[in-house]
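Asks: Fit chain B to the given chain A structure using the hints.
Here the protein sequences line up with chains A and B, keeping their order.
Under our numbering, the first residue of the first sequence is numbered 1, with each subsequent residue one higher.
Under our numbering, the first residue of the second sequence is numbered 72, with each subsequent residue one higher.
Derived by calculation from the structure, the hints in this document are not laboratory data.
Some hints here could point you the wrong way.
Under the rule of at most 20 Å between Cα atoms (straight-line distance), these lysine to aspartate or glutamate pairs were calculated in the DMTMM-like manner [as the list claims (entries may be wrong)]:
hint : chain 1 : residue 1 : chain 2 : residue 2
1    : A       : Lys6      : A       : Glu56
2    : A       : Lys36     : B       : Glu253
3    : A       : Lys6      : A       : Asp61
4    : A       : Lys39     : A       : Glu56
5    : A       : Lys36     : B       : Glu251
6    : A       : Lys41     : A       : Asp13
7    : A       : Lys39     : B       : Glu247
8    : A       : Lys39     : A       : Asp61
9    : A       : Lys39     : A       : Glu2
10   : A       : Lys41     : B       : Glu251
11   : A       : Lys24     : A       : Asp69
12   : A       : Lys41     : A       : Asp20
13   : A       : Lys41     : B       : Glu247
14   : A       : Lys39     : B       : Glu251
15   : A       : Lys36     : A       : Asp20
16   : A       : Lys41     : B       : Glu253
17   : A       : Lys24     : A       : Glu56
18   : A       : Lys24     : A       : Asp13
19   : A       : Lys39     : B       : Glu253
20   : A       : Lys6      : A       : Glu66
21   : A       : Lys24     : A       : Glu66
Predicted model only: the values in this text are computed from it and were never measured.
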Amino acid sequence: MEIIVKLDDLLHDRRMTLTDLAAKVDITLANLSILKTGKAKAIRFSTLAAICTALECQPGDILAAEPGDQD
Amino acid sequence: MNRWGDHQMPGTHHLFTVTRGLLRIATLICLFLIAVLGLALGAMTLAAAGLFQLPIPANEMGGLTMAQILGAGSLALGAGTICIALVAWMFLLASRIVDTASHGDPFVTQNADRLNHIGFLLLAIQLIGLAVDSALNMFPGKIRDHVSIGFDVSATGILAALLIFVLAQIFRRGSEMRAELEGTV
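Next up, chain A with everything else stripped away, as it sits in the complex (with noise of 0.2 Å):
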């Protein structure tokens, strides 16, 4: 099982840029940029936090499961 990252999709939906989130949460865009393209090992709560504050989301919204191995 592997977790997916699902923060373009929600961008998408919300005709959002990854520079339009990180001026809204205190995150910078190179961290950003590693957590939507799959690159990130960990994410931290406060950083989930402030993103779903910022998309008006849920964490479920953001992250996923799917069958496959991680690495």
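Replies: Just chain B, lined up with the frame of chain A:
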């Protein structure tokens, strides 16, 4: 960019600077000693080849032959030169570790490797000390009153090497944890 940023304790920067300076001075002293011992070894070799006589009065040779004196002296000088070269190498590695601590993140695999090298160098010095000590024992007893390399096997030296190996493992784990943290957003 210093990753330690504001988390460094006050005075840490000065500690790194002073340590780095001392390590460089110690390395230079080692290089000077290697040059001096090298010259002495050269003189011994020339004397052994019969190109000149060492100015040792016959009544101070204590019944030893010139060949024995030259043999034991060359052995001690050779081993001493090698040991000091290993110590200089150790100082150089330690200096690089301090550099990484001063300029960036010390928890990198290179520092774990450097610490491992230092551990092996410490062991090598102990082994050379043991080997030369055993070799000098084969010379007549009287020669030991005059010839010594000043290194021998000690429990402290072995313990120091073991502690350095443990520290290397701690640094390796630290570098793994650092890599993990870098993937955390």
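Asks: Now, for every hint given, state plainly whether the structure supports it.
Replies: Going through the hints against the structure:
1. Lys6/A x Glu56/A: holds (14 Å)
2. Lys36/A x Glu253/B: Holds, because 15 Å separates the two Cα atoms, which is no more than 20 Å.
3. Lys6/A x Asp61/A: holds (7 Å)
4. Lys39/A x Glu56/A: Measuring from Cα to Cα gives roughly 24 Å; hence the hint is violated.
5. Lys36/A x Glu251/B: This hinted pair holds, its Cα atoms lying about 18 Å apart.
6. Lys41/A x Asp13/A: violated (25 Å)
7. Lys39/A x Glu247/B: holds (17 Å)
8. Lys39/A x Asp61/A: holds (18 Å)
9. Lys39/A x Glu2/A: holds (12 Å)
10. Lys41/A x Glu251/B: With a Cα-Cα distance of about 7 Å, the restraint between Lys41/A and Glu251/B holds, given a limit of 20 Å.
11. Lys24/A x Asp69/A: Distance of about 33 Å is beyond 20 Å: violated.
12. Lys41/A x Asp20/A: violated (23 Å)
13. Lys41/A x Glu247/B: Cα-Cα ~13 Å, so holds.
14. Lys39/A x Glu251/B: holds (12 Å)
15. Lys36/A x Asp20/A: The hint holds at about 14 Å.
16. Lys41/A x Glu253/B: holds (8 Å)
17. Lys24/A x Glu56/A: Judged against 20 Å, a Cα distance of about 12 Å means the pair holds.
18. Lys24/A x Asp13/A: holds (17 Å)
19. Lys39/A x Glu253/B: holds (11 Å)
20. Lys6/A x Glu66/A: Between Lys6/A and Glu66/A the Cα gap is close to 12 Å, so the pair holds against 20 Å.
21. Lys24/A x Glu66/A: violated (29 Å)
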